[in-house]
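The residues making up each chain are set out below.
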Amino acid sequence: MQALKLFEYLEPKTVDEAVQILSKHGAKAKALAGGTDLVVSLRKRLLNPQYMVYIKSIPGLDYIQYNQGDGLRIGAMATHESIAESPIIRENFGLLATACGEVGTPQIRSMGTIGGNICMAGPSQDTPPALLALDARLKLVGHGGERTVPIDEFFIAPFETILGQAEILTEIHIPSLPTASAGYYQWITKMSSVDETLVGVAVVMTAGSVDGICKDIKIGLCSVAPTPIRARRAEELLRGNKIEDKLVEQVAQVAADETTPRSRADYRRKMTGILVKRAINETWRNIR
Amino acid sequence: MGKQISRFTVNGDPYEIILEPQMALIEVLRDQVGLTGTKCGCGTGSCGACTVLVDGKPILSCLTLAVTVKERNILTIEGLAEGSALHPIQRAFINNGAIQCGFCTPGMILTTKALLEKTPNPTREEVLMALSGNLCRCGGYVKIVDAVLAAAEIIREGGQT
Numbered sequence: 001m002q003a004l005k006l007f008e009y010l011e012p013k014t015v016d017e018a019v020q021i022l023s024k025h026g027a028k029a030k031a032l033a034g035g036t037d038l039v040v041s042l043r044k045r046l047l048n049p050q051y052m053v054y055i056k057s058i059p060g061l062d063y064i065q066y067n068q069g070d071g072l073r074i075g076a077m078a079t080h081e082s083i084a085e086s087p088i089i090r091e092n093f094g095l096l097a098t099a100c101g102e103v104g105t106p107q108i109r110s111m112g113t114i115g116g117n118i119c120m121a122g123p124s125q126d127t128p129p130a131l132l133a134l135d136a137r138l139k140l141v142g143h144g145g146e147r148t149v150p151i152d153e154f155f156i157a158p159f160e161t162i163l164g165q166a167e168i169l170t171e172i173h174i175p176s177l178p179t180a181s182a183g184y185y186q187w188i189t190k191m192s193s194v195d196e197t198l199v200g201v202a203v204v205m206t207a208g209s210v211d212g213i214c215k216d217i218k219i220g221l222c223s224v225a226p227t228p229i230r231a232r233r234a235e236e237l238l239r240g241n242k243i244e245d246k247l248v249e250q251v252a253q254v255a256a257d258e259t260t261p262r263s264r265a266d267y268r269r270k271m272t273g274i275l276v277k278r279a280i281n282e283t284w285r286n287i288r
Numbered sequence: 289m290g291k292q293i294s295r296f297t298v299n300g301d302p303y304e305i306i307l308e309p310q311m312a313l314i315e316v317l318r319d320q321v322g323l324t325g326t327k328c329g330c331g332t333g334s335c336g337a338c339t340v341l342v343d344g345k346p347i348l349s350c351l352t353l354a355v356t357v358k359e360r361n362i363l364t365i366e367g368l369a370e371g372s373a374l375h376p377i378q379r380a381f382i383n384n385g386a387i388q389c390g391f392c393t394p395g396m397i398l399t400t401k402a403l404l405e406k407t408p409n410p411t412r413e414e415v416l417m418a419l420s421g422n423l424c425r426c427g428g429y430v431k432i433v434d435a436v437l438a439a440a441e442i443i444r445e446g447g448q449t
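Chains A and L, in that order, give the protein sequences.
Residues in the first sequence are numbered from 1 upward in steps of one, following this note's numbering.
Residues in the second sequence are numbered from 289 upward in steps of one, following this note's numbering.
No lab work stands behind these hints, which were simulated from the structure alone.
Listed below are several chain A residues computed to face chain L (Cβ distance under 10 Å; list not exhaustive):
(1) Met1
(2) Leu6
(3) Asp37
(4) Leu38
(5) Val39
(6) Met52
(7) Lys56
Pairs of lysine-lysine residues, derived as DSSO-like cross-links and limited to a Cα-Cα distance of at most 27 Å, are as follows:
(8) Lys431(L) to Lys190(A)
(9) Lys358(L) to Lys28(A)
(10) Lys5(A) to Lys44(A)
(11) Lys358(L) to Lys44(A)
(12) Lys345(L) to Lys13(A)
(13) Lys242(A) to Lys270(A)
(14) Lys30(A) to Lys13(A)
(15) Lys358(L) to Lys13(A)
(16) Lys291(L) to Lys24(A)
(17) Lys13(A) to Lys291(L)
(18) Lys345(L) to Lys30(A)
(19) Lys44(A) to Lys291(L)
(20) Lys30(A) to Lys291(L)
(21) Lys30(A) to Lys358(L)
(22) Lys5(A) to Lys291(L)
Label pairs and their calculated CB-CB ranges:
(23) Thr148(A) to Gly371(L): 53 to 61 Å
(24) Lys28(A) to Ile382(L): 49 to 57 Å
(25) Val149(A) to Glu405(L): 35 to 43 Å
(26) Tyr63(A) to Asn409(L): 27 to 35 Å
Just so it is clear, CB atoms sit at the ideal spot from N, CA and C, and this is done for glycine as well.
All chains, full assembly: derive it from the sequences and hints.
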């Protein structure tokens, strides 16, 4: 194991302090949360920051709060483990608990944070599809103030987001789901030691007041495009219509056609179709 | 930050370390504290050989900057036995043939300790899930799971955790 190169280590006590430091040092500084991705990059010499700004110990950034009106608010420094095990999230946003429970290994889940995960923006990460299907909004705090962006505007390219150099993601806000909604996250993996996700599909559906009508559907996909994506054309096909086997088949096919996988494209497209169909059927079955 | 003298608590004992920020916890434990029971497998968080318990939770010491766990309680494999009395988990691993080359063993045992504290009566499936971050290159998994279940029974029947 190679030793890491030297850097200055700073431990800000507040978000504002962290933003000041990141602002001051620009591209020479990196914000460190759980370190499960960042320290690996340093060890592999892919990154060489001169300043490591530790934000995981800033108090008050790891909360999980829920009320019916406002929805779910998760502090960016909440670990995958805390989210996967949260009774609130398992009860009301189960697919997110599933997705966070699938990240890495138990050790990585207890160290890694959801904020760090989102900002890493790997194309095959499990949490973004669930967050996309749940219409998550991200609170970013920077030098000029705060802004809230919908998650489907956050990812630009593999490992690239709209997060500014001196910006910190502080909160993930997920609006409450309407009654008669359910969600599901399903995936297949590469079967390697790291067990990276090969295709990930998250679905959230809401039933209409008329029997059998799907009022709303959101489909989030990972590992089938340069960034995590929503399968919007597929969603449109089903939204407002009656759930029928033939239509679900079509929706699954359209979702598969919306993907742009880089490698093993045929297999990934085929599996996207299969997983979307399964996820829709499973979600529909679970709607109370 | 530069070089700093920092106090660490490892296995209940205090140590003064000359700490630099780029040092991983595993380096501090092995090279400075001198506890070489914690093994480095991959150095990139995929194998779990470097697992130690920080405040009771299994973490990867190869990816943890030592400076971030200064104030915490760190438990390594050396901290399990009481003098010459092995911990029930250690005894179970020996008695169930769960140790081949031994390289994954410290990490496996510490992860097991955390599991059994949280879930004293795990199913085979739960054991597999809990150990999914600890790889065994010898392929010793079946015996390892046997050992974990055996240890669980011993501890439930009155051995300590």
